[in-house]
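Colleague: This is what each chain is made of:
Number of protein chains: 2
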Amino acid sequence: MQGDRRHLKTDPWRIVEEGFDPRFAQASESLFALGNGVMGGRANFEERYSGPSLQGNYIGGLYYPDKTRVGWWKNGYPEYFAKVPNAAFWLGVDVRIDGEELDLAAVGVLDFYRETDMRRAVLTRRMNVRMQSGVEVAVEAVRFFSLARRELGVVRYSVTPLNRAAEIEFSPYIDADVRNADANYDEKFWEEVSTDGDAVHSRLRKSGFEAAWAQRVVLDGEVFRCDSRPGCVRHTAVVRCEAGQRVTLYKYAGICSSLNHEPGELVAAARAVAADGAAAGFDALCREQEAAWAARWHSCDIGIGGDAAAQQGIRFCIFMLLQTYTGVDTRLNIGPKGFTGEKYGGVTYWDTEAYCLPFYMATAGPKVARELLVYRYNQLGKAIENAAKLGFHDGAALYPMVTINGEECHNEWEITFEEIHRNGAIAYAIFNYIRYTGDKGYLAEGGAEVLLSIARFWAQRITWSEARKKYVMLGVTGPNEYENNVNNNWYTSYIACWSMRYAAEAVAWVRENNPEAYAVLCAKRSFDEQTETARWREIDRNIYLGEDRELGIFLQQDGYLDKVQTLAAELDPAERPINQHWSWDRILRSSLIKQADVLQGLYFFRDQFDAGTLRRNFDFYEARTVHESSLSPCVHTVLAVQLGLMDKAYELYLRTARLDLDDYNCEVAEGCHVTSMAGSWISVVEGFGGMRIVDDTLTFEPRLPEAWRSLSFRVDYRGRVLAVRITAGRIRIDVEGAPVDVAVGGRRYRVETNIELKTE
Amino acid sequence: MQGDRRHLKTDPWRIVEEGFDPRFAQASESLFALGNGVMGGRANFEERYSGPSLQGNYIGGLYYPDKTRVGWWKNGYPEYFAKVPNAAFWLGVDVRIDGEELDLAAVGVLDFYRETDMRRAVLTRRMNVRMQSGVEVAVEAVRFFSLARRELGVVRYSVTPLNRAAEIEFSPYIDADVRNADANYDEKFWEEVSTDGDAVHSRLRKSGFEAAWAQRVVLDGEVFRCDSRPGCVRHTAVVRCEAGQRVTLYKYAGICSSLNHEPGELVAAARAVAADGAAAGFDALCREQEAAWAARWHSCDIGIGGDAAAQQGIRFCIFMLLQTYTGVDTRLNIGPKGFTGEKYGGVTYWDTEAYCLPFYMATAGPKVARELLVYRYNQLGKAIENAAKLGFHDGAALYPMVTINGEECHNEWEITFEEIHRNGAIAYAIFNYIRYTGDKGYLAEGGAEVLLSIARFWAQRITWSEARKKYVMLGVTGPNEYENNVNNNWYTSYIACWSMRYAAEAVAWVRENNPEAYAVLCAKRSFDEQTETARWREIDRNIYLGEDRELGIFLQQDGYLDKVQTLAAELDPAERPINQHWSWDRILRSSLIKQADVLQGLYFFRDQFDAGTLRRNFDFYEARTVHESSLSPCVHTVLAVQLGLMDKAYELYLRTARLDLDDYNCEVAEGCHVTSMAGSWISVVEGFGGMRIVDDTLTFEPRLPEAWRSLSFRVDYRGRVLAVRITAGRIRIDVEGAPVDVAVGGRRYRVETNIELKTE
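Listed in order, the protein sequences are those of chains A and B.
Mapped onto my numbering, the consecutive letters of the first sequence carry residue numbers 26 to 785.
Mapped onto my numbering, the consecutive letters of the second sequence carry residue numbers 26 to 785.
The shape of chain A in the complex, shown without the other chains (with noise of 0.2 angstroms):
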């Protein structure tokens, strides 16, 4: 695609498209991709499409193992990469006009209007085309993922011929012939149980999860023709309509899978969804999807005054994480590209927890947010074969880069083996949880014996140096994915000795606050506190952690400075993004920074700094940072607004918010970058909101770019919802619910229901 990327217009709450440029197409099936938080799908049209177009319908924790594809074998490689397959297309409503296909790619559009509205989670497209008959129709459709009845997809699809009487064909159908276009061989993931008059039931191979999609369609008067082949369930009518007659077909979809249901019981399932959603009728459930999302957002919704473009971006992000993950169903997660598109294979990263965690936290309640950890709970003891498998041993926990069933499956030795630090981001998700919530209790359910397996991990995997007489840290990758199988990064390094020792305190705790629980753990986990919290602060007492005391700066691996120290500003534009311009070789040995790395830990870690460490390192390491993860502003402009670097701070929010709907990196075609959307929520509420828990204390800090007159924002804090409004130099903050404790400006206020104060 080429030239102005932008082709949406600018709405508070809705993605707007005004006319059909085939261009767009598939970044429009991204950035209108619904989701209710266990399935979702891109926004292909209900009705045939011969233009590109990349078919997508997800249903979250199904999986087939892809057999991986590899240059060279590794001994530790896994065997298969997790995809969570496309599934069967259940929006499908064939149309003919007069005998001829309603095909966007064939037919004249005449007029195109396409919004999401983002506050109830529905799609609506009206157009006008001309057929090459001659005869024009409008056509209305309209479809959500229902948020209520998580397995019911609903879809009401009207024609209207404008210009003469015509004979409308509806064939709507559900296709379950379907594959994958990132199969590593061209593999078909599905195979077909039974098909049967309305249902269709399906099996992944390998995996064996079983699905059934059954559709109720409903068109006033009219009988179906039923016309189904093996995957493929299709009923036909066909109406006569006179010029201005609108004719309406409703099409409820169940959708189940054998996650929820007993593959025996799965077409019986999907039938009653589709037929209970039928008896209920569209606009009942227009009327629950939209009290379902209202809840929602209330305890989420970001305003920004005087900058449209921002208040759309945010909202949109906030929107797409809603619809990935509600909190539902420990055995979900967020996959990168959420339900938006098949890269990345839709399976769980670091992400999780460095970047979506705060968001969910905040807006979902400690409940959803604990699934998350729990789902990392759940995967403990793959988390330690995993380990095994690299040769750790006594319960040494390594969890995965990749995964969806807690088994890796990324396959390069550069991440797989090296890339360790996710380990820490998983440690410090069950502290930072528990320092938002203040539910301590955690500690005893399951976050000790992850913290502690973690810790074991660290210790097994720093050596002792010999030669520096310090422990090492050696072979790994850091956030920073530009320089590969270096020694001694400093953050990980870091975040690996504040593992051990969040470790010590939390079985500590454990053992002083739940006994009970803390000899389950010692017995289940054959933990000797005394021996093994002794080893790990002898390891932190002692490790290595790089340092260069004439620039003030922490080390982000040795070596680094023997680099060319090329700056990022200095960059012709032309070379930019480096990763698409530059060999791997000249990467590799460059002093450019992919994402935030040493800088990723002074922001998990800020209380432990001083501010001018902080701004030496912000100013040595954000000159030489690309910023070419989705991943890494958001990072540095929390970092930015602490320091008061405004300008930076809003140059570098500008490149996350509206990545996608505005396309900067060429590739919203091929889904939305949804965990970094995460990431602008923590650049909007964390860096110019300037919310932080410090000394169990709600925080904020707040500092507005010069273009925002007001930044308002609702976050769900140990249940309570307080509703912030800032401008400039002042804070409001309304609670509802108990009073609670917020600091501001180094003072603490108690606020009961309101409190507004000045702030500087």
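Same chains, same names: a pair is fine if it fits in one copy or spans any two.
Simulated crosslink set (DMTMM-like; lysine to aspartate or glutamate; CA at most 25 angstroms straight-line):
id, residue 1, residue 2
1, K494, E575
2, K495, E595
3, K231, E217
4, K99, E600
5, K495, E572
6, K414, D597
7, K99, D211
8, K99, E653
9, K494, E595
10, K494, D573
11, K495, E575
12, K495, D573
13, K465, E396
14, K495, D419
15, K414, E653
16, K392, D766
17, K34, D332
18, K673, E600
19, K414, E600
20, K99, D597
21, K494, D644
22, K99, E595
23, K414, E595
24, K99, E692
25, K92, E212
26, K34, E315
27, K99, D207
28, K549, E432
Bear in mind the hints are in silico, worked out from the structure with no lab data behind them.
Based on these hints, arrange chain B on the given structure of chain A.
Modeller: Just chain B now, kept in the frame of chain A:
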């Protein structure tokens, strides 16, 4: 394959297998493989064999650009991996006895004998089998690739019914409808052009190389029925034989490729080769073969007294090298498996320069050795393109890690972009060639141009570290591939600086000795000697070369001493080879070394280091080296002999010389380790024979292992053939040709016809 992997008999001049054990069938296909330097093939049976088998016939210089298989694409990766295609099975003779197929997997094998006579490269197989029908037959099959006629293959196949009369059906065929077992995406490489009577003509997809095969079959008085299908020509004749009557089929196959013929003339050429072969007759061809091979052996045989296994081992190494490359064609080179298997694609590695060149220099003469240099000279343009792809400029050359046509084929970033020491080996080969042959003129005829292009690469690849105030070499992989992306690998930095020094010397020599060539060189390569060599010298003077002064050793790389210092001797034998038992992660972090790294440098540049330095480095690194590359023990053997560590030297030698015959690594079924066989030769001649060039004089410092009574070898040195015979305390040198100066025990002698001296 379980249990005893030795299935061959020890014999000084023969490879002998007695009895048929299907478990060894594929290993024997590799070990009995034949070749004539331009083509060759595995020892598949002529008759059908339905047991496990890897069919393999290879024509040197042809390749198929097989689509690359990669985990995660990196900029700068090649699009394809060039592979030597498995070519037509020209040997085929289907045999039926009274209508029953002769297939060793189906009949009773009463008696089985197979030998390669290494003196003449003829494979003979004799066996008695009992068919299901009860008839017993004796079979004798003899084959060779003609060394005198490089496009001719010959088979003589005799059958004798033993216990009763039988009807013998011979059906000799050539089947070009073949595939590679290692095709990345199961693509078929060849497509048929035509099949006509006795000839088949095929074309390689993508690369467009063509080849034709024709057979001429002779069976006294019999008329053959021609019975071909596309891609496969076949002639069938049936003979009625009395018991005890021997019937013999002769098959002459012409094998011609578009490397040497116009495509339109290929079929005619192949027919002419076959017809000429048939006209000469089997016995005459055999005599030609014996004469041609006798000439080859004359300058290169090695005799070992008192150690029959070692004797056979070293002859097998020499034999395989002679079969693989004869220097008749600069487009050919030495693939790691020669013509014995598909693995490693039959392409060229740095093995050629670092390991193979000394053998060919000393046994095949300067012309053949020079062909190996010219091979790289001819690919210089591609090496410059390759460097440009990685961002290098101004005619800097980076030779590929793996190639067949000059383009890089390897696509693991840590090798492709980082294992750049290969460039140093290519420079060293020029030096080594000139040192041995005295042919300085080669500098003006291509050598200097290659050297300056390599020097330009190093001058760009080495960067200035402001932090160290030294030049550094970041992001490399040394010969020890058990560590990747390291900084300041001593070997790489050392050979890089040496390359620049030698390049400066080389261009100065050309300037002084061949001003005309110098002018052409400067113009062609925009070479400003003064400026560029000044830069090379500046880097050389200020390069960082790691050393540990306390240990008195060179440091393999930055941080090497930070590793936990595990010694190879401490390993549990059950964990060896570690590359089959340890995770890659563990290997990377261990101090264990795959193959000579610092010691490779001490071997190449032996004269530049004193014995104490050699000893300290040898003791330190040998203790940490697991020798899991077939290329490793030979270098350590040479150094151990120089240090007088004879037990160590002999122990290391045993790991290399019979690697394939005894199948130490359980992988000979895939093919033989041809390039490492040149390492075995180095062990013997440079190691125990102590042959080196010192101060332009051929020098011997022999030291025999205790187990050896004598060692004799022949080398071609500057136009003479020297026969050297070493016994305990004595050396005798016979010279054919002009008198030659040699040095033994620090003293120089002129040898007119022979000399016999005491050695310590």
